[in-house]
Amino acid sequence: MATSIWTELGFKKNPFNIVPDTESNDLIWAGFNSTKVEFEKLMRTCLTTDETKVLINLSRYGGGKTHAAYYFAKHSAVYTPAGATQPLHFVITAPKIGDNAVWDFYVKLIEAMSFTSIKASLRSHRAALGDENALKELQALAKSEDVGRLIWLLADADEDIEHFAGDVLMSGKASAPIRRKLRLRRGLESNSDASLVLGTLLNVLARYDGNSGLSKARRVFVWLDEVEALVFYSSRHYRPFTQALRELIDCTPKYLALVMNFSFAAPREAENLEIVIGEALLDRVTDRIVFEEGSVEESLQYLNDLLYHYRVNKDVNPISFPLSNEAALKLLETAPARSGKPRTPRRINQWCVQVIEAANAKGPIPATGIDAAFVDNLSFAGDDGEGSSSIS
Amino acid sequence: MAKPSILIDTNALSHLSQVSIDLNGKSVDKWLWNIFNLHTCVAVRDEFKEGASKASASYKAINRRLKENGKNQNGVKTVPRLRHTRNLEAQWLAPKYYAKTLDDEDKGERHLLCAAAELAYSGSVGKFIVVTDDNTALRKFIRPVMKDHLLAEVWTTLDLLVFLYLTRKEVTSRFAKDAIRDIGGAGSFSIFEFRELGETEAERRLELIKAYHRKIDCITKLRSVFPS
Chain A
1 MATSIWTELG FKKNPFNIVP DTESNDLIWA GFNSTKVEFE KLMRTCLTTD ETKVLINLSR
61 YGGGKTHAAY YFAKHSAVYT PAGATQPLHF VITAPKIGDN AVWDFYVKLI EAMSFTSIKA
121 SLRSHRAALG DENALKELQA LAKSEDVGRL IWLLADADED IEHFAGDVLM SGKASAPIRR
181 KLRLRRGLES NSDASLVLGT LLNVLARYDG NSGLSKARRV FVWLDEVEAL VFYSSRHYRP
241 FTQALRELID CTPKYLALVM NFSFAAPREA ENLEIVIGEA LLDRVTDRIV FEEGSVEESL
301 QYLNDLLYHY RVNKDVNPIS FPLSNEAALK LLETAPARSG KPRTPRRINQ WCVQVIEAAN
361 AKGPIPATGI DAAFVDNLSF AGDDGEGSSS IS
Chain B
1 MAKPSILIDT NALSHLSQVS IDLNGKSVDK WLWNIFNLHT CVAVRDEFKE GASKASASYK
61 AINRRLKENG KNQNGVKTVP RLRHTRNLEA QWLAPKYYAK TLDDEDKGER HLLCAAAELA
121 YSGSVGKFIV VTDDNTALRK FIRPVMKDHL LAEVWTTLDL LVFLYLTRKE VTSRFAKDAI
181 RDIGGAGSFS IFEFRELGET EAERRLELIK AYHRKIDCIT KLRSVFPS
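Taken in order, these protein sequences are the chains called A and B.
Residue numbering for the first sequence follows this note's numbering, beginning at 1 and increasing consecutively.
Residue numbering for the second sequence follows this note's numbering, beginning at 1 and increasing consecutively.
Extracted from the complex, chain B is given alone in its bound form (with noise of 0.2 Å):
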């Protein structure tokens, strides 16, 4: 089966490292490869671990699997060479959609999308998604940027645990609905979206679980369809 190509932001694979449960034995640095093609760029890479020395043991996993670079099903390195960043960065992405100084802030995100344009222009990795849980970049340039160019689809890593449950006949309802309360119920994960579902952090995070967990139930009817 053609696995799904993903790019993949550094809030969001530190949001997978904190999937509690494995999956059919699999540590979290083994499903995601096995599923996906992941893809990255330099700069998530190098945020990521910086986070390493003082991180979970699956939180380092996924940091060698992105130190050593080994190539996907589909021939393209999980983080590949790119040489059009910079120009991408300066000349695309800063005049419109990005208003404030090119510095440190923001670097993966902007990086990633420069990636998706790349990776997209060449056609090497065909259709992917990227991932990503920063909504503050989501809001101010990522969503405007896929509106304008249609690179991909964006998605959050909730959304990702959806597909998994959708597509892969492994992962049951349980761990789909712990993963999601996994990453849903941490701090770092926003809840911007669900702000006026709640007066408190813990009632707008379990409308943000509940929602999930309810996208969990309809594919479980889905599923209940097809023969077993």
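Okay, chain A solo, but in the shape it has when bound (with noise of 0.2 Å):
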């Protein structure tokens, strides 16, 4: 395989990736520390304490939110105070289109919990409580005699039963012989019985596991991206789906923390999330988190730290390398202006990469790196609003 221009740079991989590498071991924090701690903080709050959180995370496109998701799901263990059990994550995309908005949500949900790890906790929750109990306590949670049984018959000893009741709590749908079968009078009838099966589901989760009851319950993250999306939805739409949230919130009044997360050209202003989400479900919103544009101090510790981790070779000089410390920071301080783009870490990834291959593509790069000039005469041409801008 022919070498890429980063390993030739001394790195283990292009450490500039435009969408949050959500799989690997390079899952890192870089920079922007202050943002960090604050949301630490607030993870650990919501760890020592039960009652149900619904968070809001704003920030310009490109500033971190979804990559937040995936970190402190992956970092659990770093921010789980003593004697709390550690959290379950789950990080989902708002449904793009409003028709059939709430069950899209509520697939997506119950895909991330897994079959496997609600039948394993509705085992436990059964062998912890014994059969009967396990049931009543279903259905008191679920508010339904029908909905409580059928999360019940998820963990039935019998196969042909337990993929019965899978099919009809995914599908909604209970034809006359299933419904005989499972000894139900109905299926999932309505967005409110989609709201109380997530609920209940959560709350199991939350307090068994697949060995047994947990002796503390633990937090259950449900991370809810791009939720300004919602715009799109026509008001026939965005009114049933912020009710079917604020009634698993209503329905579940401990161990969720709902995160919704927000791109907004203007983080700040309030209306924008009244018209998104409305104001009955804002009402309900306990914290909110804004991650700012960085400033060039806090951008450079960013890109600094990033190079850092890739980097194979620890003990490079300058720091910034392939870029000069001054290219660095000429790039970060003019950057805003001349692209018209404010300074996101997406952003800042997008230009690096660029003026680093810019540079390439003119000979190779000394090892003092980029010089100041080369950046100062890079122009920034226009931006496609995706996420593409581009230097010619």
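It is worth saying that the hints were derived from the structure and are not from the lab.
Heads up, a few of these hints could be off.
Stated by the list, open to error - Negatives, chain A to chain B, calculated, CB over 10 Å:
{"hint": "1", "residue": "D167"}
{"hint": "2", "residue": "D287"}
{"hint": "3", "residue": "A373"}
What the hints assert, rightly or not - Straight-line alpha carbon distances no greater than 16 Å define the calculated EDC-like cross-link-like pairs of lysine to aspartate or glutamate that follow:
{"hint": "4", "chain 1": "B", "residue 1": "K215", "chain 2": "A", "residue 2": "E271"}
{"hint": "5", "chain 1": "A", "residue 1": "K119", "chain 2": "A", "residue 2": "D167"}
{"hint": "6", "chain 1": "B", "residue 1": "K210", "chain 2": "A", "residue 2": "E279"}
{"hint": "7", "chain 1": "A", "residue 1": "K13", "chain 2": "A", "residue 2": "E357"}
{"hint": "8", "chain 1": "B", "residue 1": "K107", "chain 2": "B", "residue 2": "E50"}
{"hint": "9", "chain 1": "A", "residue 1": "K13", "chain 2": "A", "residue 2": "E23"}
{"hint": "10", "chain 1": "B", "residue 1": "K177", "chain 2": "A", "residue 2": "E271"}
{"hint": "11", "chain 1": "B", "residue 1": "K177", "chain 2": "A", "residue 2": "E274"}
{"hint": "12", "chain 1": "B", "residue 1": "K26", "chain 2": "B", "residue 2": "E170"}
{"hint": "13", "chain 1": "B", "residue 1": "K177", "chain 2": "A", "residue 2": "E279"}
{"hint": "14", "chain 1": "B", "residue 1": "K210", "chain 2": "A", "residue 2": "D26"}
{"hint": "15", "chain 1": "B", "residue 1": "K210", "chain 2": "A", "residue 2": "E269"}
{"hint": "16", "chain 1": "A", "residue 1": "K12", "chain 2": "A", "residue 2": "D26"}
{"hint": "17", "chain 1": "B", "residue 1": "K140", "chain 2": "B", "residue 2": "E105"}
{"hint": "18", "chain 1": "A", "residue 1": "K96", "chain 2": "B", "residue 2": "E201"}
{"hint": "19", "chain 1": "A", "residue 1": "K216", "chain 2": "A", "residue 2": "D50"}
Please read all numbers here as calculations on a predicted model, not as lab measurements.
Just so you know, even glycine gets a beta-carbon here, dropped at the ideal spot from N, CA and C.
Two chains, each in its own frame: build the complex with the hints.
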């Protein structure tokens, strides 16, 4: 395989991901320490209390919200206080289309929980309480005998029953023969049913893992990414969707932390949230975090942290190599005005890739790094608004 | 009360058909004609009809009203018979304002302008408003024509909704805001003028909706001054 520009420059791979690298071990937090500290503080508060929380995470486009979701999901051991149980995290994207949005959200969240984990927790629940008491508790949580029974049947010893129950849970539909077989009077008929199922499952997952009941219940974080997409929904669609979220919050008084990520051009404008999610859901918000545009100093720290992490030989001077320290500073100082884009992590990554690739195309990058004059002479051209500023 | 007269484009009719809540229990095809003397031209009616087979119930209902072609309060039919469209297009519009060939592209907007010219000249509908959401046509030739001739005011459907809220007591703030959201959130409504106000389409649409919601809030304040 041909060596890439990045390996030639002494990196494990390209340090500048445009979308979060959710699968690898390279999910690190670079720079922006004050935001991280604020987030960790909020996480710890969540892990030392039981009451359901609704958090809002705001930034500009490419500001690091999705990265934060995956980062905190992966590194829960770091911020879980002694004595608290490590939380569960489910990261899903808000449905892009209003038609059927509630069901789309419902299926996505169940898929994220995974049927295997759901069934394992339900079996532990049955084992801990006994069959009858487990059924009663699920029916009480679901506020419906039929919905509670359906969930209870997911942990049935009979594989066919368990399979049919899963089928009804995922499709909502229960034909007459299936209803007879499962001893149900109905399938899942409404958005309220979907919220109640999710609330009940989250409650069980919070208290039981695949082995047994947990001595202390764990917090379940549901990260709903790209919630700004709700602006595309018509009023006929956005009201039922936000209503379903409200019902989920209201029927899950404990253990849930719903974190909604929003990209706004003006993250601090209160009106934005009201238009997108409506007043009633906004009233339930308990905390909010705003990822501000990075200052030059924060952005430089971010850049250097990122380069350091991916560098094979850590002992390199200048620390911003392949940029000279002056070039890095020049880039971060001037790029926002020249490109008309804010200093967000995604933009910084794009600018760096473009500068480094442009310099490399002109010849080998010197050991002193790309100089500031090279950055000064690059022109930042138009942008298509979806993340590809170009340098010509 | 005398109804305002509007001369409406295909895309504006299509956007109005997307308003997903009823006004006082009346669907859009009812309230639109109740509140306005709605007019259009044959080209727009035909363009609108083309989309009707796979469209929503509201779209079909509007299409039916266009087909019925009833008389408005001002005594002029919804799709009035106009005699000078072809001449106006060739001798007045094309030479100065429309550089391209007079083919099917922009036909609805071109004919709508010719209808505006003929109706204004005849004096049959009094003062009227042209409603279009075609931002490209607006920038290229509709605004220049209007600037030179003061034929009519030009609005988008969102402007029309704001006006509706200003002038009709039965239109609630919730209806107006929801309708603005329905239309402004639709991918077919241009966000060209908001292109600098966000990095993604969602951000720009939000800015558009916010701008019009603010107008509704201003009118709500104005309304509160008057006794209910």
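Consistency of the hints with the structure:
Annotated as non-interface, D167 of chain A keeps its C-beta farther than 10 Å from every C-beta of chain B; the closest such distance is 32 Å. No beta-carbon of chain B comes within 10 Å of the beta-carbon of D287 of chain A; the shortest separation is about 22 Å. Annotated as non-interface, A373 of chain A keeps its C-beta farther than 10 Å from every C-beta of chain B; the closest such distance is 29 Å. With a CA separation close to 13 Å, the supplied pair K215 of chain B and E271 of chain A stays within the 16 Å bound.
At roughly 13 Å between alpha-carbon atoms, K119 of chain A and D167 of chain A fall within 16 Å of each other, so this suggested pair holds. Under the criterion of a C-alpha separation no larger than 16 Å, the hint pairing K210 of chain B with E279 of chain A is consistent with the structure, at around 15 Å. Proximity of K13 of chain A to E357 of chain A is assessed by CA-CA distance (about 14 Å); at most 16 Å being required, the pair is judged to hold. A C-alpha spacing of about 14 Å is found between K107 of chain B and E50 of chain B, which places the hinted pair at or below 16 Å, so the restraint holds.
For the suggested pair K13 of chain A and E23 of chain A, the alpha carbons sit about 15 Å apart, so the restraint of at most 16 Å is met. At most 16 Å may separate the alpha-carbon atoms for a hinted pair to count; K177 of chain B and E271 of chain A meet this at roughly 13 Å. Of the supplied pair hints, the one linking K177 of chain B and E274 of chain A holds, its CA atoms being roughly 12 Å apart against a limit of 16 Å. Restraint check for K26 of chain B and E170 of chain B: the C-alpha separation of about 11 Å stays at or below 16 Å, so the hint holds.
With a C-alpha separation of about 13 Å, the suggested pairing of K177 of chain B with E279 of chain A holds against the 16 Å cut-off. With a C-alpha separation of about 39 Å, the suggested pairing of K210 of chain B with D26 of chain A is violated against the 16 Å cut-off. Between K210 of chain B and E269 of chain A the alpha-carbon distance is near 10 Å, which keeps this suggested pair within the 16 Å criterion. Our distance criterion of 16 Å between C-alpha atoms is met by K12 of chain A and D26 of chain A, whose separation comes to about 10 Å.
For the hint linking K140 of chain B to E105 of chain B, the alpha-carbon distance of about 13 Å falls within 16 Å, and the restraint holds. Between K96 of chain A and E201 of chain B the alpha-carbon distance is near 12 Å, which keeps this suggested pair within the 16 Å criterion. Note on K216 of chain A and D50 of chain A: the hinted pairing holds, with a Cα-Cα distance of about 10 Å set against a maximum of 16 Å.
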